[in-house]
Structures are given as structure tokens and as C-alpha cells.
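Number of protein chains: 2
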Amino acid sequence: MGLRKALRLYVITARGDREEVRRVREALEGGATSIQLRAKSVTAREAYLAGREIRKLTREYGALFFVDDRIDLAIALDADGVQLGPGDIPIEVAKNVAPNLIVGASVYSVDEALKAEELGADYLGAGAVFSTPTKPEARILGLGGLREVVKRVSIPVVAIGGITQENAGEVMKTGVDGVAVISTVMCAPDVKKATQELKNVVGGV
Amino acid sequence: MGLRKALRLYVITARGDREEVRRVREALEGGATSIQLRAKSVTAREAYLAGREIRKLTREYGALFFVDDRIDLAIALDADGVQLGPGDIPIEVAKNVAPNLIVGASVYSVDEALKAEELGADYLGAGAVFSTPTKPEARILGLGGLREVVKRVSIPVVAIGGITQENAGEVMKTGVDGVAVISTVMCAPDVKKATQELKNVVGGV
Ligand code: NI
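Chains as they are written, first to last, in UniProt numbering: chain A, 1 to 205; chain B, 1 to 205.
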């Protein structure tokens, strides 16, 4: 699957431990096109062990596999890419360290989006579209800001932050390539069903 | 400088931010033979920026430069090595990801020491020798355990945990290649003087 298509329904882990792997499988069954291993509160060792299983599953389902923040984990897990934010190793350094990884940049403004594209990011995770309990401190880009980002950059854009089955339709109308979610899918009582419902809204293969 | 000699006086940063770089220089002036960038409470970006300066300084003073936990930062900073603990990416995986890095393993028992050597660690950071306010949760290996580790492994060993100018002499008598310190040097009112005093006890070039 090409990068743009793989960004259509981008599901991010809530904890990144091995117990969450079962939910990752359900998300893939429901139609997730990419999985990101985000492991803020477990050790790198635990994330590595979970990541090995997620790498196998994403291959099995033809989805892309990304790792949040850690280039070393991404390399160790043979991930397709890494997602870097303002507090992480700089994009241009990441490109040198791991030239084969897809490098996504988390951006929170139009200026940051333009800067990240200039530094060599392969795609943008742009947000927050709406406020979200998972990342309450995130700056709000909003639908208008998102539309502006899409207009100004030529690399693929995935929208993130507070996206649900209810608002995903208007998010897609901004021209983004897809939506990224954490809790909407990973914390749903039925992960597969939640993913399918979102997939019905955003479309794609 | 060879690895064994470089482990003689191994100084670890307390915070790993740019403000600490001045103290790192003073430690090098005082005779530190290795510096480890340990950055548990700053972002990877901040650690990267501090690390670039530490890399320059260690070259200038002929010391080795290690990074704690993060293989990606070690690669990005062209460090000589990385130090990995039980919660980090496994040693054998690190060796695959970065075959040119010296890989040190943090071990807290004789069993862990033997295991780490078997998995390919290039040196051991063994401790805690004594209890320490910087890592109050660390398991105590003690002088006896340290002596046992030195006897049972053939790779270099640096002792860590609660080491001061007062007890460094008895620590060296266990046969270790050197001592590693954080607060004894980095939190001293006069970093250079504290390093020199320790250097007088442990000897070496
Ligand atoms: Ni991040």
C-alpha cells in the first residue's frame, strides 16, 4: 500500500504494552491501514516486545507500522516509519540516522507544517483538530488550520486529535489523506466495530 | 584510549540538559575518562543538543562518550557507546541495530552480569555498590557481589552506585576497571576539584 492510502485510518496504541496487541489485531480486522506503537508509559523493553507482535500483525494485514518518538525501536522492529514531534530527535537528523524509514512529523501549526516539510518529513501528523482527553495539553489547530496545512504542503497529511466516527466526515473534507485516532478505537468496548464504523466514514481500501 | 582505561573514571550527567555542559567540561578538566549522557527528565531534543556539545568536548579531552538507554541518540551523536539496562532494548538487538557502538550493560546481580556477557555486552556497569540518593530503588550488589562479578566475567567492569572519594579506594580493590559517578561529581560545588580528588584515588592516566 502506498503512503497516502496507508494514512487513511491510522490507529495509535494507548499504552503500547503486550496486553494491547489483541486490540491492535481487532483494529486491523476492522480496517486500520496503519498502526503506530506509542509507548509513553512502558519501558522500551516492553514496547519492543509488543512491537514485535505488532510488526507481524501489520505484515499479515498489509498495513504500515510506525513507531512514535524512538528511531532505535523503529529500526530494531523493522518498522516502516517513525513519528517525531518537537521534543524528539530532529527530522533532518533522523533522516541521516535511518534513511530507509518513513519520517512523519507531528505539527501543531501551519508554520510547523511548512518547516517540517522543508526539513524532509515524509508526511505530517497535524492537529489537534479537536481537544482530546488523551493529550489535553496539545495545541488546537482546528479544521481551518488543518485546511490551510493541506493547501500549503505537498506531502501527505493525517489529521489527529479528538477525531471520532461523528466528526471524521468533516475532517476528511479538509483534504487530509486520513485520520489518526487513539482512544476512539483503542479504548472502545468493541475495537473492531469502532474501527469499522470509522472506516465507513473515511472510506479507502 | 582503550575501553578498560576509559572506564577508570566514568562521569554520568545528572540532568542531561545544556546547562550541565559546563559541568561536563569541568569534569573532563579534572580527569574524567568517560562521560555518559543520561537524560531521564529532559526531552530527546534537549538531550540531543546537550549531547552535541558533550561529543565535541569528549573528543577535545580524549575521553569516551556514552549515551544512556537511547541507541538512536547514540548514533545521531556519533557516540562511542550506549549503556542499556533491563528495561531497555535488549543487548543482542542493540548489537544488530548498531554494530559499531560499544554496548554496556547495567547489571544488579552476578546472574545478570553473566547473562549480559553471554548476550554480547562489551562492558558492565555493575551495582549498586552502595545505596545512593540518585537511584534509591536500585538493588544493592555490594562490594562482595562486585568482587564476584569481576571474578566471573572477562569483559571490563565499572562499578556504580554511591561511590565517593572516601570509598572509591575499597571499590577499586575489588578488581573493577573503574568507577562511575553521578552526584559525587556533577552535584559537587566544585566539579573539577571533586573529579581530581576522585582521580587521585582511582589513579589511571
Ligand atoms: Ni512524540
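These are calculated hints, taken from the structure and not from any lab test. Idealized CB from N, CA, C, for every residue including glycine. Watch out, some of these pointers could steer you wrong.
[Unchecked claim] The calculated DSSO-like cross-link candidates involving lysine-lysine, where the alpha carbons are at most 30 Å apart (straight line), are:
1. 193/B <-> 173/B
2. 95/B <-> 115/A
3. 95/B <-> 95/A
[What the hints assert, rightly or not] For the chain B half of the interface with chain A, some residues (derived, Cβ under 7 Å), not all of them:
4. 59
5. 76
6. 93
7. 203
Results of checking the hints against the structure:
Taken as a hint, the residue 193/B and residue 173/B pair is honoured in the structure, with Cα atoms around 23 Å apart against an allowance of 30 Å. At roughly 34 Å between alpha-carbon atoms, residue 95/B and residue 115/A are farther apart than 30 Å, so this suggested pair is violated. Straight-line distance between C-alpha atoms of residue 95/B and residue 95/A comes to about 21 Å, which keeps the hinted pair within the 30 Å bound. Interface restraint check for residue 59/B: the shortest CB-CB distance to chain A comes to about 18 Å, outside 7 Å, so the restraint is violated.
Taking 7 Å as the C-beta cut-off, the interface hint given for residue 76/B holds, the closest approach to chain A being about 5 Å. Interface restraint check for residue 93/B: the shortest CB-CB distance to chain A comes to about 5 Å, inside 7 Å, so the restraint holds. For residue 203/B, the interface hint is violated, since its Cβ never comes within 7 Å of a Cβ in chain A; the closest pair sits about 35 Å apart.
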